[in-house]
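Chains as they are written, first to last, in the numbering used here: chain A, 971 to 1070; chain B, 250 to 780; chain C, 6 to 521; chain D, -9 to 664.
These are computed hints drawn from the structure, not numbers from a lab. Note that this is a predicted model, so its numbers are computed, not measured. Positions of the beta carbon are idealized from the N, C-alpha and C atoms, including for glycine.
Using 30 Å as the maximum straight-line C-alpha spacing, the simulated DSS-like pairs for lysine-lysine come out as follows:
{"hint": "1", "chain 1": "B", "residue 1": "411", "chain 2": "C", "residue 2": "406"}
{"hint": "2", "chain 1": "C", "residue 1": "405", "chain 2": "B", "residue 2": "411"}
{"hint": "3", "chain 1": "D", "residue 1": "378", "chain 2": "D", "residue 2": "576"}
{"hint": "4", "chain 1": "D", "residue 1": "470", "chain 2": "D", "residue 2": "373"}
{"hint": "5", "chain 1": "D", "residue 1": "470", "chain 2": "D", "residue 2": "21"}
{"hint": "6", "chain 1": "D", "residue 1": "576", "chain 2": "D", "residue 2": "373"}
Partial pick of chain D residues on the chain C-facing surface, computed with a CB cut under 8 Å:
{"hint": "7", "residue": "624"}
{"hint": "8", "residue": "627"}
{"hint": "9", "residue": "645"}
{"hint": "10", "residue": "655"}
{"hint": "11", "residue": "656"}
{"hint": "12", "residue": "659"}
{"hint": "13", "residue": "660"}
{"hint": "14", "residue": "662"}
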Amino acid sequence: MIPSQYYLVLSAAVFCIGLFGILTRRNALIFLMSVELMLNAANINFVAFSIQNGNLTGQVFSLFTIALAAAEVAVGIGIILVLYRNFNDVDVTTATTMRW
Amino acid sequence: MMIELLLGVCLVGAVAIFLLPDRYSARLSFGISLLPIIGSLYMYATFDGVGNALLEGSTLAFETKVNWLSIGPYELFYHVGLDGVSMPLIVLTTILTTLAILSAWTPIDERQSQFYGLMLLMEASLIGVFAALDFFVWFVFWEAVLIPMYFLIGVWGGPRRKYAAIKFFVYTNVASLVMFVGFFLLVFGLGDSIQTLGLPAIAQALSAPGAVESIAGMPPNTVKAVAFFLMFAGFAVKVPVVPVHTWLPDAHVEAPTPVSVILAGVLLKMGTYALLRFNFTFLPEIAQQYALILVAFAVVSVIYGALLALAQQDLKRIVAYSSVSSMGYVILGLVAFTLYGLGGATFQMISHGLISGLLFLGVGVIYNTTHTRMVGDMSGLADRMPVTAGAIVAGSFAYMGLPLMSGFVAEFLVFSGSFSADFAYAPLLTAIAMFGIVIVAGYYLFAMQRTLFGQFSVSTDYEITRASAHDVVPLVVLIVLIIALGSVPEIVFDMIEGAIRPMTELTATQQADTGSEMLGLGVSFLGGVLL
Amino acid sequence: MSVATTIMTPTTLTASVSASNQPLQLGLGSYEGIAPMIVLGLTALALFTVDSVYPDSTNNTLLSGLTVVGSLIALVITGTQLVTGVESTELFSGQLVVDEMSLFFTFIFTSVTALIALASHEYIGDREYQGEYYALVVLAAIGMTLLANSNSFATAFISLELASLPSYALVAYLKDNRGSVEAGMKYFLIGALSSAVFAYGISLVYGVTGSLLFTDVAATLTEGIDGSLTGVLGIGVVMILGGVAFKTASVPFHFWAPEAYEGAPAPISAFLSSASKAAGFVLAFRIFITAFPADAIAGIDWVLAFQILALVTMTLGNFAAATQETVKRMLAYSSIGHAGYVLIALGALTGAADQSFVLSAGMIHLLVYGFMNTGAFLFVALAEHWGIGRTFEDYNGLAKKAPVACAAMSIFLFSLAGLPTGGGMLSKYFLLLGAVNAEAYVLAVGLIVNSALSLYFYSRVVKAMWIEEPASDLTIDGYPTGLYAAIVVAAVVTFLLLPALAIFSDPALTAGSGLF
Amino acid sequence: MAGAFQFAPAIAALPFVSFLIALFGGRFMPKRGAFAGITATGGSLLLSAWMYFAVLSSGEPHLEIVHTFIAVTDPFTLELGILIDQLSALMLLIVSLISFLVFVFSLGYMNDEGETGLPRYYAGLSLFSFSMLAFVMASNLFMAFMFFELVGLCSYLLIGFWFRADAPPSAAKKAFLVTRFGDYFFLVGVVGVLGTFGTSAFAGDGSFPVLAEQVLAGETVGINTFGFDPQTWFTILGLLVLGGVMGKSAQFPLHTWLPDAMEGPTPVSALIHAATMVAAGVYLVARMYGFYALSPTALAIIAFVGGFTALFAATMGVVKREIKQVLAYSTISQYGYMMLALGVGGYVAGVFHLTTHAVFKALLFLGAGAVIVAMHHDEDMWKMGGLKDRLPVTYYTFLAGSLALAGIIPFSGFWSKDEVLFEALLRGMDNPIFFAAYAMALLGVFFTGFYTFRMVFLTFHGEPRTTVAEDPHQFGWNMKFPLVVLGVLATVIGFINMTPIAELTGAHIEFLHVWFEHGGEALTVEHYGALLEQWANYGEVHAGSALVVASGAVSLLFALAGAGAAHVLYNVPNPDEHTDKLGSIKTVLFNNYYQDEYQVWLAEGLTANVARGADTFDQGIIDGAVNSISGVSLSLGDRTRRIQTGDVTNYATLLTAGLVVLLVAVGVLGGWFV
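Excised from the complex, chain A in its bound form:
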């Protein structure tokens, strides 16, 4: 059995990739994708730890997470659509009418 540290490292790597994407990319859709990566990093953890801990809670939870991620994307896409309609762009850094 693969030690759970490996999964931890994997998930941390995925999480960081997602975070990196968020910090560097300006396209709202890519931003969303990066968030998905981060959530999936959590899912990796849940599944791995579920095995390790010998209960199914983690696996069930990862299902919830996936579902919620979908819902989030649904709302997110909607918002990105109206963003595009108002600012003619999906670059998240264009919308800066409110600041300070």
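Given the coordinates of chain A, work out where chains B, C and D should sit on it, guided by the hints.
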């Protein structure tokens, strides 16, 4: 129930005046404000309190105590009641409010319903401050005073009213917060020995030896000292004590006359009253231990305040700074912690309320007529306004401590009390503080000479005439009261003595271990000041 | 401490069955406890029904009325239970818990929902998608209510999302308004990021403790964990803290808040800044006190973390608010500042003092805040409804035209500043008292400085309304009944919470001590 | 006659009633309140006389508490009481007599001259009479202080009576301020006395002079002397009270207010600034003489200041042009003599001179008032001349007063001044300080003679120098009557204590001495003598008759020399301003040794500048700090809000950074990384 009745009349009256149109408010509010006077005088006549409200063996007059709520370890009560210190202050409040309302008839010509409504709200808050005996009840009233005051200065004030209002507002609010921390440091120092925040309970718990535990590594005495100075810093702003006095002249100069009357007459007394109730009843041993520092504040306030008054050209600023000076005497009397010191301080609260009220009213009448308050802008007013000028002369001499007027009695008692006090160099320090009576004479005499006497000259495009009756009546009433208190001080001092005597019997329960506290104290006071 | 179990793992079930909560373990148990949620759910369904029957209807009154009635029923149910008192009851195998704490917060959520639904009557006016608007509000309210009842990370995460997702949509409701859309975008992106952080944190905690139930987590931690896992657990705890901090709009997870509050429709700003914030706090209370008892997790000093957050949050919020030009954004920042105040409730759990009390103080503050802050935002809604502009100057002399609303606004603002026009004074001072009690003097000083500053900027609005002269062209058209009613109700309640705070402070105390 | 004392309060109360009448009803009354005042002071005069005889017959002082001010027994009670003994009975008589005469005189001086604001004038005058009489009767130092201050108020109000002009208000302010400065020390003294002894009673067993004596004798303990040696402390207290005395009695250096006070109406000058109020200081020293007698240092200071002031003021009187100015400096000088007397242990001499001076100086002032009325309110002596023939009543009464003032035998001033000088000489024989004081006082006699007769000759002799002086305004009985009464008294009052005659003839005619040998225990002159001998080493000096006579002869010689010099220089038809020959000395004298300048500089130059400095400091530093705190807060706020850049990517970055910082902080503290 009498106290509730007073509060109720003021509050209901305030609401009624808010709702009614402007044209009724002046007269109606005057009428309503007479009711608390009648009530408080009735209370004064039937007063049956014994002892000091905070100390053992006292019987409170007009006491009410009901459960309010509980917070964590403490039960809060709605607890009000009067003793010989608070009763006269309540009478002072009711009388001054009515006179202030009367004096508002001339100058306040817009948004009258709001103005008079706020005046009554203010009266209610002030009565509450003096009557409350449970910390949070007291604190609610204490803070509530700020709100009407803010509006009264901000809306009806002079040209820089917005600056003055916000300065007053923020400054005194910070002070409350600092005081709050100090108070609760003390309360937590008491640990489990109290289950309420009733001021009597706290005072009595503190009188037990070793009552205060150490907090956060500070030994008990340091806890007490830090608490003392935090509270002192908080109350010092309200008094005000130099160097936290600078809100006062701005507030006074900008405030309309009736508001100045209340501000100087009653609001400043909140600070000294609280000092008496909190610092000096709770922690007399700390007060004695650090008496020299406290006296230094008092002396500096007296002399420095008087010097500042000397430098002013605006009549209101003169009276304002002289209030700083006069309140310094109150501090001096409190620190002395003798019967005459404490009693004189209390008497001075009443007396200064009347005298500063009189002077502000007088200046207000002049301002209403001439539209200037600058000393250089007018002279010889006694020629056209003899009664007003006479009142100002009377007020000035009362302020200078002329015998047979209340100021003399108060100052004499304070000096007597402080001269024989226990702290080091008491006679010398008292004598230095007493020099204030010379400076005060200086600036009032100069101001009177230049404004009231000499060739009549004011540049107005209308004829200066005598003030109307409702302007003059408050002046006369105050003069009568000042002379009455100055000639027969027993009518008030007897009651004060009843409440003060038990305080002087408080002995220092714990020998102070003087350590590195001085530093901590300096820091805490400075911190308080800076905040 | 009972060790509850999950139905999934028979092995642990046998190991640690406790007799005391046996009868409620497997069934749905009493519905009383979740009656408010059910009522809200039914309200949402009713709204959907109306909307699907009349999809093009703009019968605002019906929709708004339905929402108000629904939330009021939930409110009454909650209130009754709160006053009569309830036993702490676990439902759904411990996934949910009904206790004084959950009821207390449900009371906040339902009352804020009722207020903003009432106020939205005129604010939304005859815009499109009204059914969706009210439904989303109610759904978010359900999410928050569930959050208050959550007793496991699973339910917590789901209800958090249930509360958040409708909020994103609601913020962007004015979809032709660039501000609204921008606010929705920012809120959503930061929210998504935070929920990812939150989920990842949960996964780490799960990895270390093997459970998602708060009580189980606590039990495992109390038994002790392998020292090498402290780091993993710690990262998990701090990330969970991050997720919670997002909901409470605490620094550094607050960045969405100023924009979202400013850009959103004002009733939604009120909703988010009062109810949603409270939801974040109830979650924080539950997680950190129930699941991560401070004395059980040596080496993970979340109290210190909360102290840092509290100090930074209140300072940033208030200082940034001090120099704002628009009232709404000032209120937004002030809302961040208040989050900082309430964080003291957690930051003061130093073990130096009576802990439950500080927590109760935080709860009381959130309750009062629910009314006074909602009221303040609703006043902004009123101003937006009148179209008189957003800056302080635009409010000049408003009291001459609308004295009642301005008086109410003054009550809100002074109460927010900690002056005795409302319960806000008592609750703020209770927090200060808690900070002193906990010997967290830095927090006390921070609170003093910020409180003083806040008085300054709150009174700027008061000054504008009452002291400044109105611009010559200041006109207001009409006195919208719903908005006015909501504002006046909020003002009356805010004020009454001063003398009558005992009604709520006693349940809050019970609730606070119930967690320990 | 014991029943007489129950009317004692009425002595003060009558003028108070007239004060109220004049204040509130004066403007409805025919003479604007004058009659009320005349009636009241007349009543006081009769009652005072009755008291005098009551004291004479009973020999015992009358002591009663009239009003308990603060009824606290611990630490001490503050009471207002009445003490009528030989001293106060005499003083009551003087005060009420002169008050009465001044009221009468005012009818002519004020009413007939058509002044406005007369109710205010009579109210002030009545209030003064009330305060002064109450002061005289005061049974304790506290009460004495109260009325000491009140007479100061009346003085202020009356000096500033003509408030529409510029000078009177200014003079009033100066008078009050300078005396206030002295009263400050007095107040400290009163507080100190109460703090020390727990009582401030003048008389009785527990009175403070008695207690002090007992302390020094080691009989009483429990007196708080604040860590000082008792005698040192008593000296300090005595000197503190002396501050008030020097202010009120216009002793150097607090004399500067008195000449300015002449801006007030002349009857006021006569009553307040010559005969009574100014005497209050000296009276106070006499009143608590039992206390001062315990302190040789205080006595020496009193004596020296007195002697110096006597000479100092007399020199300034020499060059003045206005008649009232001359009299003002003369008043200062004469009070110097009284102080000298008290300082050297001449209790009777001091009170004797107080008595005679009250009479002849009131006379001179009223005479001057008459001249001023006659001159249509011009006071410059160089514009007068030759009034002798046109105002005969005034002239002869004025002359009587002048002879008394100059100390020409047998006028009253001679007897009293001679006794003062004699006592000083006695004491000066074994103490150089006292001898210096004596020498100065003796020299002062010469100047007194000179300025007095310079005044008389310039005013009444020679040729009229202006048209007004040729045809002066005439006045009625109401001004002449007081002049005559006082003129007679000024001539004869000295006979009550003709010490040299008594020494020469052995006749027992030192009535005043006898008078003061009676009275309450610890209030008699013998007692004072014993105290002086015991505590101040004022041993019994044997003075032979020769010395008595020689002393009297010398002082008479000096006075005659002064008068003679004046006669030579000024008793000519058209005198020159001989004082011009003094050159720069005249300038110095005319400017009062620049005493005013430095005092004004202290009050306005120094204090006002310090005050302005304090104001700048207050506005700039203290208030500046307050304002800068708010400024800094707001600018910090402005910086803080810049964090919110509006760019959501930045937000994510900051959020991540914040999380990392938090992780690291908690981690480091929790020791995760070890």
